[in-house]
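*Asks:* Chain by chain, the residues:
Protein chains: 2
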Amino acid sequence: MIFLRKPKVVVLGAGYGGLITTTRLQKLVSLDEAEITLVNKNDYHYETTWLHEASAGTLHHDRARYLIKDVINTNRVNFVQDTVVAINKEEKKVQLENGELEYDYLVISLGSNPETFGIQGLKEYAFGITNINSARLLREHIESEFAMYNNEEEKRDERLTIVVGGAGFTGIEFLGELGNRVPELCKEYDVDFKKVRIICVEAAPTALPGFDPALVEYAVNHLQAKGVEFMIGTAIKECTKTGIIVAKGEETEEIKANTVVWAAGVRGNSIVEEAGFENMRGRVKVDEFLRAPGHDDVFIIGDCSLVINPEIDRPYPPTAQIAMQQGETCAKNVAVAIRKQGQQAPFTADIKGSVASLGEDNAVGVVFGKKVVGKQASFMKKMIDNRALFMVGGPSLVMKKGKFKLI
Amino acid sequence: MIFLRKPKVVVLGAGYGGLITTTRLQKLVSLDEAEITLVNKNDYHYETTWLHEASAGTLHHDRARYLIKDVINTNRVNFVQDTVVAINKEEKKVQLENGELEYDYLVISLGSNPETFGIQGLKEYAFGITNINSARLLREHIESEFAMYNNEEEKRDERLTIVVGGAGFTGIEFLGELGNRVPELCKEYDVDFKKVRIICVEAAPTALPGFDPALVEYAVNHLQAKGVEFMIGTAIKECTKTGIIVAKGEETEEIKANTVVWAAGVRGNSIVEEAGFENMRGRVKVDEFLRAPGHDDVFIIGDCSLVINPEIDRPYPPTAQIAMQQGETCAKNVAVAIRKQGQQAPFTADIKGSVASLGEDNAVGVVFGKKVVGKQASFMKKMIDNRALFMVGGPSLVMKKGKFKLI
Numbered sequence: 001m002i003f004l005r006k007p008k009v010v011v012l013g014a015g016y017g018g019l020i021t022t023t024r025l026q027k028l029v030s031l032d033e034a035e036i037t038l039v040n041k042n043d044y045h046y047e048t049t050w051l052h053e054a055s056a057g058t059l060h061h062d063r064a065r066y067l068i069k070d071v072i073n074t075n076r077v078n079f080v081q082d083t084v085v086a087i088n089k090e091e092k093k094v095q096l097e098n099g100e101l102e103y104d105y106l107v108i109s110l111g112s113n114p115e116t117f118g119i120q121g122l123k124e125y126a127f128g129i130t131n132i133n134s135a136r137l138l139r140e141h142i143e144s145e146f147a148m149y150n151n152e153e154e155k156r157d158e159r160l161t162i163v164v165g166g167a168g169f170t171g172i173e174f175l176g177e178l179g180n181r182v183p184e185l186c187k188e189y190d191v192d193f194k195k196v197r198i199i200c201v202e203a204a205p206t207a208l209p210g211f212d213p214a215l216v217e218y219a220v221n222h223l224q225a226k227g228v229e230f231m232i233g234t235a236i237k238e239c240t241k242t243g244i245i246v247a248k249g250e251e252t253e254e255i256k257a258n259t260v261v262w263a264a265g266v267r268g269n270s271i272v273e274e275a276g277f278e279n280m281r282g283r284v285k286v287d288e289f290l291r292a293p294g295h296d297d298v299f300i301i302g303d304c305s306l307v308i309n310p311e312i313d314r315p316y317p318p319t320a321q322i323a324m325q326q327g328e329t330c331a332k333n334v335a336v337a338i339r340k341q342g343q344q345a346p347f348t349a350d351i352k353g354s355v356a357s358l359g360e361d362n363a364v365g366v367v368f369g370k371k372v373v374g375k376q377a378s379f380m381k382k383m384i385d386n387r388a389l390f391m392v393g394g395p396s397l398v399m400k401k402g403k404f405k406l407i
Numbered sequence: 001m002i003f004l005r006k007p008k009v010v011v012l013g014a015g016y017g018g019l020i021t022t023t024r025l026q027k028l029v030s031l032d033e034a035e036i037t038l039v040n041k042n043d044y045h046y047e048t049t050w051l052h053e054a055s056a057g058t059l060h061h062d063r064a065r066y067l068i069k070d071v072i073n074t075n076r077v078n079f080v081q082d083t084v085v086a087i088n089k090e091e092k093k094v095q096l097e098n099g100e101l102e103y104d105y106l107v108i109s110l111g112s113n114p115e116t117f118g119i120q121g122l123k124e125y126a127f128g129i130t131n132i133n134s135a136r137l138l139r140e141h142i143e144s145e146f147a148m149y150n151n152e153e154e155k156r157d158e159r160l161t162i163v164v165g166g167a168g169f170t171g172i173e174f175l176g177e178l179g180n181r182v183p184e185l186c187k188e189y190d191v192d193f194k195k196v197r198i199i200c201v202e203a204a205p206t207a208l209p210g211f212d213p214a215l216v217e218y219a220v221n222h223l224q225a226k227g228v229e230f231m232i233g234t235a236i237k238e239c240t241k242t243g244i245i246v247a248k249g250e251e252t253e254e255i256k257a258n259t260v261v262w263a264a265g266v267r268g269n270s271i272v273e274e275a276g277f278e279n280m281r282g283r284v285k286v287d288e289f290l291r292a293p294g295h296d297d298v299f300i301i302g303d304c305s306l307v308i309n310p311e312i313d314r315p316y317p318p319t320a321q322i323a324m325q326q327g328e329t330c331a332k333n334v335a336v337a338i339r340k341q342g343q344q345a346p347f348t349a350d351i352k353g354s355v356a357s358l359g360e361d362n363a364v365g366v367v368f369g370k371k372v373v374g375k376q377a378s379f380m381k382k383m384i385d386n387r388a389l390f391m392v393g394g395p396s397l398v399m400k401k402g403k404f405k406l407i
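Protein chains in written order, with the UniProt record's numbering: chain A, 1 to 407; chain B, 1 to 407.
None of these hints come from the bench; they were simulated from the model. Possibly wrong hints are sitting among the right ones.
Which copy? The list can't say, so a pair holds if one copy fits it or any two copies do.
Cut-off 25 Å, straight-line C-alpha distance, at most; resulting in silico cross-link-like pairs (DSS-like, lysine-lysine) [as the list claims (entries may be wrong)]:
(1) Lys370 x Lys352
(2) Lys155 x Lys241
(3) Lys41 x Lys375
(4) Lys187 x Lys69
(5) Lys187 x Lys400
(6) Lys195 x Lys285
(7) Lys155 x Lys123
My request is simple: use the sequences and hints to build the entire structure.
*Replies:* In structure tokens, the structure reads:
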């Protein structure tokens, strides 16, 4: 059977979800069946879950990214390097910065935007752990502050104060890397370690909310031993050019700091909101087949989507694990839709666990329902990281970019 | 013969001159004969002539410094880590930031200060290639500008513009390193090399004044091929927060640049001026035995001293070569002075040559009266650098810090 006009499948975003969808689709669907286009801002994919390392400077950012053309079949998939500006779901068009694409089936996997909860000054003055650009900038910024310190007659200790907003997953993992990186910086720039302050401010009543309290305690103890100060149950009221203002109950305090990192949360994508899909903070509650309600031709996966965990009747947090699993289901369902035969497959999450790194040699988490800490957890974390590479690019990508401890 | 009170010799500064003086003195003079004290701001010596590499980021700054205690005999020499504030030549005292020292014989080898010729804004806004602190700051600053470039919606090309003020020895050597470093930075931060500008502004009518015109042409051609733009016969009128204003004849032009490096000259030391020695821009025209006129107990060497080259009846430029040769003579003369027997030895410079590096693999210069360029000159430059290490610390220091091309 030959189509006069092949259906057009457009995948927006080459993050975990989009890249799994594309690499699966290029195998599932033949050249005759559909025209597949992948759109991404950069010509590379980056490991969002490794950015805390690139941001601290403990892993080179090039280790955390790879070229998209190295993992897709360019004979099967058109790759368009461009930025998505808007989605017109009525006309079935995607507006790009430098062009326009028509689609019959759309996969939206555009990832998240940072969520600043309206806290004044965060957008202007705080650094983020968001992408390759922001990661290498943050690494560089911290290093320049150390470099500048001994170049001024009057030493300004705020150059050596780093505030991390948020003790969630990203915040804790970033602190773990800082704990290893800061002593190196002190040596590099002849700075007394005692002058450095690393402060973590968390509004919630605990670090790593959702983690087992014993694991939280383990993580906090480890980081405190590395010199991290925790201000738990403390909210950032404002971020200024010279630091932050925090509040605990009625009391407010100013902390002078030249580096403020906002690691306290993400929301969905503004493109999704502007396109008019029903959403909650940029996340669309998709149907069981991962489709936008009322739009059977639009699949939404990853951080832009919202899926309820039936066990606790709350949304799954946006993770790489979920995004990749959604990508597998999404590819199958797009193929079914193109062929107009077969059954759409429902998505079910299969949470294998969650491990938060505490630096090179330590981690805490739960894997297959079992609590792990220390070197064992750290090893598992590396295996989880390597698995993400394996799923997209097979063993050769693991060899190229994988994490193996050098002995 | 036993002194009731041993004469006190104080050496100020552990640069090329001071360190050669000290290492020679500790062998020449016995424990009974004198008490030797070396004062230096840092606990390390750095290779001033290698700072252009550390500043560009082509050589780690730790490769360009070593601990003073590793090259002096601490049984023979008291090392005081402190900053010289003032010299009181009448009371024969040196005031330090954290104390005071008395001397019977003083060696002033405090090096140079940058000379900005009263150009407005240079002190505030320009970077220098002056010491370890300024070198690692400059390296870091350039890198942060590249890191920032892709983090702004509106790209600001002035982040990628580097102005080097001065096409003298230091300016040219720094440009040579930048020529190699900038392509690396472009790759590191995904920056288009065509967006980068490296501009050298020189007020004199030629680059490398004093060098043979054929060598100057070779150097300029090499650097232009690496992307350096030269503005010769052009003066910097002002340095501002956003760049520089240059003038060529009547015309003025503003060049927007986030990095301005002032590499156009040094003067002697303000401490020497403030102490009331007769001086020309901080340099004291010493007698043939390297003593301050009218002060037989004060030796002045290195960049604080001024020695006339009889062949051209003009002062020798302040170089490491001269400073080290002065150190040898100075040590002998201090020993004579302590013993109050023997003859003061006159200083004669023995200029072996001068080679300006143009990066890892290229250089231009004159060695033993013979012009050299290219790989041969580059090899000689490395040998010159290694010789400075050898003279202070012998073969072990050369093995530790020497420059050998890795094949």
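*Asks:* Are there hints from earlier that the structure breaks, and if so, what are their numbers?
*Replies:* Hint check: 3, 6 fail, others pass.
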